[in-house]
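Student: Sequence:
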Amino acid sequence: MYGIVSPMSEEGKTLINHLEEHQTVVIAHKTFHIGYIGHENIVVVEAGIGKVAAAMSTTLLLTNFKVDSIINAGSAGSLNRDLHIHDVVVAKELVYGDADATVFGYSMGQIPQQPSRFPTDKRLSENIYKSLANQKVRRSRGLIVTADSFLGKKTIRKNIVHNFPDGLVSDMEGAAVAQVAHHFKVPFTVLRVISDEATDGAGTIFDEVIDQIGDEVGEILINYFETLL
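Using my numbering, you'd call the opening residue of the sequence shown number 1 and step up by one each time.
Please note that a few of the clues may not be correct.
[Said to hold, decoys possible] List time: in silico EDC-like cross-link candidates among lysine to aspartate or glutamate, alpha-carbon distance up to 20 Å:
{"no.": "1", "residue 1": "K13", "residue 2": "D215"}
{"no.": "2", "residue 1": "K51", "residue 2": "D148"}
{"no.": "3", "residue 1": "K30", "residue 2": "E46"}
{"no.": "4", "residue 1": "K122", "residue 2": "D68"}
{"no.": "5", "residue 1": "K130", "residue 2": "E226"}
{"no.": "6", "residue 1": "K158", "residue 2": "D200"}
{"no.": "7", "residue 1": "K13", "residue 2": "D211"}
{"no.": "8", "residue 1": "K158", "residue 2": "D82"}
{"no.": "9", "residue 1": "K66", "residue 2": "D121"}
{"no.": "10", "residue 1": "K30", "residue 2": "E10"}
{"no.": "11", "residue 1": "K185", "residue 2": "E126"}
{"no.": "12", "residue 1": "K13", "residue 2": "E219"}
{"no.": "13", "residue 1": "K185", "residue 2": "D121"}
{"no.": "14", "residue 1": "K154", "residue 2": "D207"}
{"no.": "15", "residue 1": "K51", "residue 2": "E10"}
{"no.": "16", "residue 1": "K158", "residue 2": "D148"}
Just so you know, the hints here were simulated from the structure itself, not pulled from any lab data.
Model the full structure from these sequences, guided by the hints.
Tutor: Written as C-alpha coordinates, this is what we have:
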(Lines of atoms letter the chains of each structure in order from A and count residues from 1; the text may use other names and numbers.)
(Lines give C-alpha, C1' and ligand atoms only; values in the text may rest on other atoms or scores of the structure.)
Protein backbone atom coordinates (compact mmCIF):
# COMPACT_ATOMS: atom_id res chain seq x y z
CA MET A 1 0.00 0.00 0.00
CA TYR A 2 1.22 3.49 -0.91
CA GLY A 3 0.62 6.30 1.55
CA ILE A 4 0.34 9.76 -0.01
CA VAL A 5 0.77 12.80 2.23
CA SER A 6 -0.93 15.76 0.56
CA PRO A 7 -0.59 19.10 2.39
CA MET A 8 -3.44 21.02 0.71
CA SER A 9 -6.76 19.93 -0.78
CA GLU A 10 -5.75 21.56 -4.08
CA GLU A 11 -2.69 19.31 -4.22
CA GLY A 12 -4.56 16.08 -3.53
CA LYS A 13 -7.89 16.50 -5.30
CA THR A 14 -6.94 15.13 -8.72
CA LEU A 15 -5.43 11.95 -7.28
CA ILE A 16 -8.34 11.48 -4.86
CA ASN A 17 -10.92 11.93 -7.62
CA HIS A 18 -9.15 9.23 -9.64
CA LEU A 19 -9.35 6.58 -6.91
CA GLU A 20 -11.45 3.51 -7.67
CA GLU A 21 -13.52 1.91 -4.87
CA HIS A 22 -13.03 5.21 -3.02
CA GLN A 23 -13.74 5.18 0.72
CA THR A 24 -12.99 7.71 3.43
CA VAL A 25 -11.97 7.29 7.06
CA VAL A 26 -11.62 10.14 9.57
CA ILE A 27 -9.01 9.67 12.30
CA ALA A 28 -8.19 12.45 14.76
CA HIS A 29 -9.98 14.96 12.50
CA LYS A 30 -7.84 13.98 9.50
CA THR A 31 -9.53 12.53 6.41
CA PHE A 32 -7.94 9.50 4.76
CA HIS A 33 -9.02 8.57 1.23
CA ILE A 34 -8.59 4.88 0.40
CA GLY A 35 -8.86 3.26 -3.01
CA TYR A 36 -7.08 1.84 -6.02
CA ILE A 37 -5.35 3.08 -9.14
CA GLY A 38 -4.95 0.04 -11.32
CA HIS A 39 -3.64 -2.70 -9.04
CA GLU A 40 -2.12 -0.33 -6.51
CA ASN A 41 -3.81 0.16 -3.14
CA ILE A 42 -3.46 3.80 -2.11
CA VAL A 43 -4.38 5.90 0.90
CA VAL A 44 -4.21 9.69 0.66
CA VAL A 45 -4.27 11.89 3.75
CA GLU A 46 -5.22 15.55 3.66
CA ALA A 47 -2.39 16.44 6.01
CA GLY A 48 -2.55 20.19 6.38
CA ILE A 49 0.22 22.75 5.99
CA GLY A 50 3.49 22.85 7.93
CA LYS A 51 5.83 20.47 9.69
CA VAL A 52 3.66 19.58 12.68
CA ALA A 53 0.60 18.81 10.56
CA ALA A 54 2.74 16.74 8.19
CA ALA A 55 4.41 14.78 10.99
CA MET A 56 1.14 14.12 12.79
CA SER A 57 -0.64 12.99 9.62
CA THR A 58 2.24 10.76 8.54
CA THR A 59 2.30 9.14 11.98
CA LEU A 60 -1.46 8.49 11.82
CA LEU A 61 -1.02 7.07 8.34
CA LEU A 62 1.70 4.66 9.42
CA THR A 63 0.01 3.54 12.63
CA ASN A 64 -3.45 2.95 11.15
CA PHE A 65 -2.75 1.52 7.69
CA LYS A 66 -0.42 -1.15 6.31
CA VAL A 67 1.65 1.32 4.33
CA ASP A 68 4.74 0.02 2.50
CA SER A 69 5.93 3.33 1.00
CA ILE A 70 5.31 7.04 1.64
CA ILE A 71 5.14 9.77 -1.00
CA ASN A 72 4.82 13.40 0.08
CA ALA A 73 3.58 15.32 -2.96
CA GLY A 74 2.70 18.97 -3.46
CA SER A 75 3.97 22.39 -4.46
CA ALA A 76 7.22 24.21 -3.68
CA GLY A 77 9.12 27.44 -4.27
CA SER A 78 12.21 27.45 -6.46
CA LEU A 79 15.63 28.06 -4.90
CA ASN A 80 17.50 27.55 -8.16
CA ARG A 81 17.58 30.15 -10.93
CA ASP A 82 17.30 27.38 -13.54
CA LEU A 83 14.07 25.94 -12.08
CA HIS A 84 10.75 27.61 -12.78
CA ILE A 85 6.99 27.25 -12.32
CA HIS A 86 5.69 23.82 -13.46
CA ASP A 87 9.14 22.19 -13.23
CA VAL A 88 9.22 18.98 -11.15
CA VAL A 89 11.69 18.03 -8.42
CA VAL A 90 12.05 14.56 -6.92
CA ALA A 91 14.03 14.65 -3.68
CA LYS A 92 17.31 12.87 -3.11
CA GLU A 93 17.61 14.40 0.36
CA LEU A 94 15.57 16.52 2.77
CA VAL A 95 16.88 19.04 5.30
CA TYR A 96 15.33 21.51 7.74
CA GLY A 97 15.95 25.04 6.53
CA ASP A 98 15.10 26.60 9.90
CA ALA A 99 17.00 24.26 12.27
CA ASP A 100 20.21 25.57 13.82
CA ALA A 101 22.02 23.63 16.54
CA THR A 102 25.47 24.41 15.14
CA VAL A 103 26.61 25.71 18.54
CA PHE A 104 26.61 22.04 19.64
CA GLY A 105 28.53 20.87 16.59
CA TYR A 106 25.59 19.83 14.44
CA SER A 107 25.33 20.70 10.75
CA MET A 108 23.13 23.58 9.68
CA GLY A 109 19.64 22.18 9.21
CA GLN A 110 20.25 19.18 11.47
CA ILE A 111 17.95 18.42 14.39
CA PRO A 112 20.01 17.09 17.34
CA GLN A 113 20.19 13.29 17.40
CA GLN A 114 18.83 13.10 13.84
CA PRO A 115 20.66 12.64 10.53
CA SER A 116 22.16 15.79 9.03
CA ARG A 117 19.98 15.12 5.99
CA PHE A 118 17.28 12.53 5.33
CA PRO A 119 18.02 10.51 2.15
CA THR A 120 14.99 9.33 0.23
CA ASP A 121 14.55 5.73 -0.85
CA LYS A 122 16.70 5.38 -3.95
CA ARG A 123 14.53 2.87 -5.79
CA LEU A 124 11.24 4.67 -5.13
CA SER A 125 12.70 8.05 -6.08
CA GLU A 126 14.31 6.74 -9.25
CA ASN A 127 11.13 4.98 -10.36
CA ILE A 128 9.07 8.14 -9.94
CA TYR A 129 11.75 10.19 -11.70
CA LYS A 130 11.85 7.74 -14.61
CA SER A 131 8.05 7.79 -14.89
CA LEU A 132 8.28 11.52 -15.65
CA ALA A 133 10.16 10.81 -18.89
CA ASN A 134 6.95 10.27 -20.87
CA GLN A 135 5.38 13.50 -19.59
CA LYS A 136 6.03 16.98 -20.90
CA VAL A 137 7.78 18.26 -17.78
CA ARG A 138 11.25 19.49 -16.89
CA ARG A 139 12.52 17.26 -14.10
CA SER A 140 15.34 17.42 -11.56
CA ARG A 141 16.55 15.46 -8.55
CA GLY A 142 18.29 16.87 -5.51
CA LEU A 143 17.94 18.55 -2.13
CA ILE A 144 14.59 19.88 -0.85
CA VAL A 145 14.73 22.35 2.03
CA THR A 146 11.83 22.42 4.52
CA ALA A 147 10.87 25.37 6.72
CA ASP A 148 7.75 26.64 8.48
CA SER A 149 7.85 29.72 6.28
CA PHE A 150 6.41 30.52 2.88
CA LEU A 151 9.29 32.12 1.01
CA GLY A 152 7.50 35.22 -0.24
CA LYS A 153 10.34 37.69 0.25
CA LYS A 154 13.71 37.92 -1.47
CA THR A 155 15.51 38.36 1.86
CA ILE A 156 14.17 35.08 3.27
CA ARG A 157 15.03 33.19 0.10
CA LYS A 158 18.55 34.66 0.13
CA ASN A 159 19.18 33.31 3.63
CA ILE A 160 18.00 29.80 2.72
CA VAL A 161 20.13 29.77 -0.44
CA HIS A 162 23.15 30.97 1.54
CA ASN A 163 22.82 28.12 4.04
CA PHE A 164 21.87 25.48 1.46
CA PRO A 165 23.41 26.42 -1.89
CA ASP A 166 22.58 22.99 -3.30
CA GLY A 167 18.88 23.31 -2.44
CA LEU A 168 16.56 23.06 -5.43
CA VAL A 169 13.23 24.00 -3.86
CA SER A 170 11.73 24.91 -0.50
CA ASP A 171 8.58 23.37 0.97
CA MET A 172 6.86 23.34 4.37
CA GLU A 173 6.42 19.61 5.02
CA GLY A 174 8.97 17.32 3.33
CA ALA A 175 11.64 16.97 6.01
CA ALA A 176 9.00 16.34 8.68
CA VAL A 177 7.53 13.50 6.61
CA ALA A 178 11.06 12.25 6.05
CA GLN A 179 11.85 12.23 9.77
CA VAL A 180 8.73 10.25 10.62
CA ALA A 181 9.32 7.76 7.79
CA HIS A 182 12.95 7.43 8.90
CA HIS A 183 11.80 6.67 12.46
CA PHE A 184 9.36 4.00 11.25
CA LYS A 185 11.93 2.66 8.75
CA VAL A 186 9.48 3.00 5.85
CA PRO A 187 10.72 3.87 2.33
CA PHE A 188 9.74 7.40 1.31
CA THR A 189 10.27 10.13 -1.20
CA VAL A 190 9.10 13.69 -1.79
CA LEU A 191 7.77 15.06 -5.08
CA ARG A 192 7.29 18.78 -5.68
CA VAL A 193 5.97 20.82 -8.59
CA ILE A 194 7.24 24.40 -8.53
CA SER A 195 4.48 26.94 -7.93
CA ASP A 196 6.53 30.14 -7.54
CA GLU A 197 10.04 31.60 -7.52
CA ALA A 198 10.17 31.97 -3.68
CA THR A 199 10.76 35.71 -3.86
CA ASP A 200 8.87 39.02 -3.69
CA GLY A 201 5.30 38.58 -4.94
CA ALA A 202 5.41 34.78 -4.68
CA GLY A 203 2.25 34.68 -2.58
CA THR A 204 0.15 36.28 -5.31
CA ILE A 205 1.58 33.99 -7.98
CA PHE A 206 1.02 30.94 -5.76
CA ASP A 207 -2.67 31.80 -5.35
CA GLU A 208 -3.04 32.17 -9.11
CA VAL A 209 -1.50 28.82 -10.06
CA ILE A 210 -2.05 26.43 -7.14
CA ASP A 211 -5.14 24.75 -8.65
CA GLN A 212 -3.23 24.00 -11.85
CA ILE A 213 -0.14 22.90 -9.93
CA GLY A 214 -2.32 20.60 -7.84
CA ASP A 215 -3.71 19.02 -11.01
CA GLU A 216 -0.15 18.48 -12.26
CA VAL A 217 0.84 16.79 -8.98
CA GLY A 218 -2.10 14.43 -9.29
CA GLU A 219 -1.43 13.64 -12.93
CA ILE A 220 2.20 12.81 -12.18
CA LEU A 221 1.21 10.35 -9.44
CA ILE A 222 -1.56 8.79 -11.53
CA ASN A 223 0.92 8.28 -14.38
CA TYR A 224 3.41 6.72 -11.96
CA PHE A 225 0.91 4.25 -10.54
CA GLU A 226 -0.31 3.34 -14.02
CA THR A 227 3.27 2.53 -15.08
CA LEU A 228 3.30 -0.11 -12.33
CA LEU A 229 0.57 -2.15 -14.01
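Student: Need the list of violated hint numbers for this structure, in ascending order.
Tutor: none
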